[in-house]
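K.L.:
Keeping their order, the protein sequence lines are chains R and P. Note that the first sequence covers residues 1 to 412 in UniProt numbering. Note that the second sequence covers residues 1 to 226 in UniProt numbering.
Be careful, since some hints might not be right.
To be verified - Among chain P residues calculated to face chain R with C-beta under 7 Å, some are:
hint: 1; residue: Y15
hint: 2; residue: W30
hint: 3; residue: A86
hint: 4; residue: V91
hint: 5; residue: I99
hint: 6; residue: Y101
hint: 7; residue: L105
hint: 8; residue: A111
hint: 9; residue: Y113
Stated by the list, open to error - 27 Å max Cα-Cα, derived BS3-like pairs, lysine-lysine:
hint: 10; chain 1: R; residue 1: K401; chain 2: P; residue 2: K60
hint: 11; chain 1: R; residue 1: K107; chain 2: R; residue 2: K188
hint: 12; chain 1: R; residue 1: K401; chain 2: P; residue 2: K77
To be verified - Selected chain P positions facing chain R (in silico; Cβ < 8 Å):
hint: 13; residue: I58
hint: 14; residue: A83
hint: 15; residue: L131
hint: 16; residue: Y210
In case anyone wonders, no lab produced these hints; they're calculated from the structure. Since this is a predicted model, take the numbers as computed values, not measurements. Idealized CB from N, CA, C, for every residue including glycine.
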Amino acid sequence: MLLTVAKLSLISRKKTAILTFLSLTISLLVLFSVEHTRLEAKNSFNRSISGTDLIVGAPSGQLNLLLYSVFRLGSPTNNIKYSSYELLAENQLVDWAIPISLGDSHKGFRVVGTNKSYFEHFRYGSDRALTIETGEAFSGLFETVIGADVAEELGYKVDDEIVIAHGIGATSFKNHDQAPFRIAGVLKRTGTPVDKTVHVSLEAIEAIHLPVSKLLELVDDPNAVELEPATITAVLLGLNSRLATFRLQREINNYPSDRLMAVLPGVAMTELWSLVGTVENILRFIAVLVLISALFGLSTMLLASMHERRNEIAVLRILGAGPKTIVTLILLEALLLAILAIVSAIVILTGALFSLNEFLAAEYGLFLTWNIFTLELLYVSLGVITATTITAALPCYEAYKSAILQQLSNTR
Amino acid sequence: MTNIAIDIQNLHYQYRGKNKHNPLFHIPKWQVEAGDTVFLHGKSGTGKSTVLNLLSGILKPLNGDLHLLGENFGAMKGAATDAFRAKHIGVVFQVFNLIPYLPVLKNIELAGYFANNKTDIESVKAMLASLALPEEVLMQPVSQLSVGQQQRVAIVRALINSPEILLVDEPTSALDSSARDAFMQVLMDVAKRKNTTMIFVSHDQSLAKYFHQSLDVASLFAVEEH
Chain R
1 MLLTVAKLSL
11 ISRKKTAILT
21 FLSLTISLLV
31 LFSVEHTRLE
41 AKNSFNRSIS
51 GTDLIVGAPS
61 GQLNLLLYSV
71 FRLGSPTNNI
81 KYSSYELLAE
91 NQLVDWAIPI
101 SLGDSHKGFR
111 VVGTNKSYFE
121 HFRYGSDRAL
131 TIETGEAFSG
141 LFETVIGADV
151 AEELGYKVDD
161 EIVIAHGIGA
171 TSFKNHDQAP
181 FRIAGVLKRT
191 GTPVDKTVHV
201 SLEAIEAIHL
211 PVSKLLELVD
221 DPNAVELEPA
231 TITAVLLGLN
241 SRLATFRLQR
251 EINNYPSDRL
261 MAVLPGVAMT
271 ELWSLVGTVE
281 NILRFIAVLV
291 LISALFGLST
301 MLLASMHERR
311 NEIAVLRILG
321 AGPKTIVTLI
331 LLEALLLAIL
341 AIVSAIVILT
351 GALFSLNEFL
361 AAEYGLFLTW
371 NIFTLELLYV
381 SLGVITATTI
391 TAALPCYEAY
401 KSAILQQLSN
411 TR
Chain P
1 MTNIAIDIQN
11 LHYQYRGKNK
21 HNPLFHIPKW
31 QVEAGDTVFL
41 HGKSGTGKST
51 VLNLLSGILK
61 PLNGDLHLLG
71 ENFGAMKGAA
81 TDAFRAKHIG
91 VVFQVFNLIP
101 YLPVLKNIEL
111 AGYFANNKTD
121 IESVKAMLAS
131 LALPEEVLMQ
141 PVSQLSVGQQ
151 QRVAIVRALI
161 NSPEILLVDE
171 PTSALDSSAR
181 DAFMQVLMDV
191 AKRKNTTMIF
201 VSHDQSLAKY
211 FHQSLDVASL
221 FAVEEH
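So that you can see chain R by itself, here it is in the shape it has in the complex (with noise of 0.2 Å):
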């Protein structure tokens, strides 16, 4: 009765109830989105990589040499010397290494240079290895294997042809179509920036850098030129004894015959998120302010509406309503509006992340569920309800104070 009481007064006050509504719910949707975003990005950023005990590189800023190596952004400064990957692959302390060799691309897709051991090795996730969902990872020299997005977003599959260019723009000039590359395989979607990458074999690196002539050799005969790599870009390291990492990042720091760099990538990974995480900070607390400045004007409208509500007060009061009850009524309403805002705001949020979903993939890298239900959208949504109580404090004494003075004769 006291619900449909305090709806049908909302409903007789339509006009700000509505503004009041909207500007709830559009600060709702605001924090939502910003809580969604901080989370899923936190989540997928940690996902990347995992059992890599340490990336070696040309020496540079860590979070450079972690940016290219892991997340496939911007360029490498300078190259090591293979010979370098060779020793690193034969020290004791080292049980895996991975050569990646940076540099070219497929239609915008970042091209790596590797080896099998790629694929046996690299780690994502709570340490989940890659899986080849269709086909087997390269065995030729002109086979690739390719991430879940590149297969998906190009509508590759498995013994497609494709060529692969030289730089990194999405068009290029230089384009190596005498030598096609097949497709041996497409890998399992990760969620981690290996969905947007055409791996091929480190040799075939050297291939599409060959003169046209001896290009064609090769396409004819395999082994026709010799095709060891003179530089990679970096090598990631699994050792033996996570004891070890410190003297091996010594060893390699001070490696007297290449210039090397080694960083430990939890480390580089805090301190990249440490820069990305103050501007979600911020973004946080100016979607709390948004909010808290919502929730006045939920105050703002209910205290606005009291004067107006002392005759009310005074029917309800004679028909046997306790001040208690006046203020249960007040707090309804309020109540009333800021869960309705929520789930809007929810509904709204879910059915935009699931629509948008593939457009945010593949325009801006983001990949977001639309599935916002989490602990932490509880625990905020338990927030806002206890903020909208406390705003709802101001309004709520008025109508006490106005219900225990309301007499009989205030009514006219």
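Given chain R, work out where chain P should sit, using these hints.
P.N.:
Chain P only, in chain R's frame:
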């Protein structure tokens, strides 16, 4: 079982406030028998509203006894007062008796809700008919009704819980004279049928003829020396 509906003994009341010279009201003794209808008249400022506010429990006596239906109403706590009022007292004001955004039926049901009674739709319809109101008004918002219709709905609302006591405060001041006579007729009929004790406050002496007794409000009060 007493047949005294209202029993006031040696009651004092003073409005609290900054003004120290608020008058002290003192009612030495006033009894109204169950089923009696009392016309309470007097000039404004003589305490008519104070009496109604005390009888409805909106104001609490400073000291002295206020018994309603044999119960010590004056000594009841807030929640008990509200519950007693919901169950046993019906009130009709001069204007603004109804919550404007609720339909008529909801307004009537609200009275039942606070008295923990299930509203019987048939008795509502019967009362509407006796007050010459069409049934269609039940679903209409109060704001669409004329003032006269609103006042009649207010009577239905006030009587729906079959209260033993009905307090009425200048209900006809917004009505023209023909509407007023019709209103008074149905009010008295309904009260008589339900054997309701009625206190009717007005300054319009011409209405006194409808009531068992007519009382100048000033005669209730004893003159107090400060």
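K.L.:
For each hint, tell me whether it holds in the structure or not.
P.N.:
Evaluated hints:
{"no.": "1", "hint": "Y15", "in the structure": "violated, 10 Å"}
{"no.": "2", "hint": "W30", "in the structure": "violated, 18 Å"}
{"no.": "3", "hint": "A86", "in the structure": "holds, 2 Å"}
{"no.": "4", "hint": "V91", "in the structure": "holds, 5 Å"}
{"no.": "5", "hint": "I99", "in the structure": "holds, 5 Å"}
{"no.": "6", "hint": "Y101", "in the structure": "holds, 3 Å"}
{"no.": "7", "hint": "L105", "in the structure": "violated, 11 Å"}
{"no.": "8", "hint": "A111", "in the structure": "holds, 5 Å"}
{"no.": "9", "hint": "Y113", "in the structure": "holds, 5 Å"}
{"no.": "10", "hint": "R:K401 to P:K60", "in the structure": "holds, 16 Å"}
{"no.": "11", "hint": "R:K107 to R:K188", "in the structure": "holds, 20 Å"}
{"no.": "12", "hint": "R:K401 to P:K77", "in the structure": "holds, 17 Å"}
{"no.": "13", "hint": "I58", "in the structure": "holds, 5 Å"}
{"no.": "14", "hint": "A83", "in the structure": "holds, 6 Å"}
{"no.": "15", "hint": "L131", "in the structure": "violated, 19 Å"}
{"no.": "16", "hint": "Y210", "in the structure": "violated, 21 Å"}
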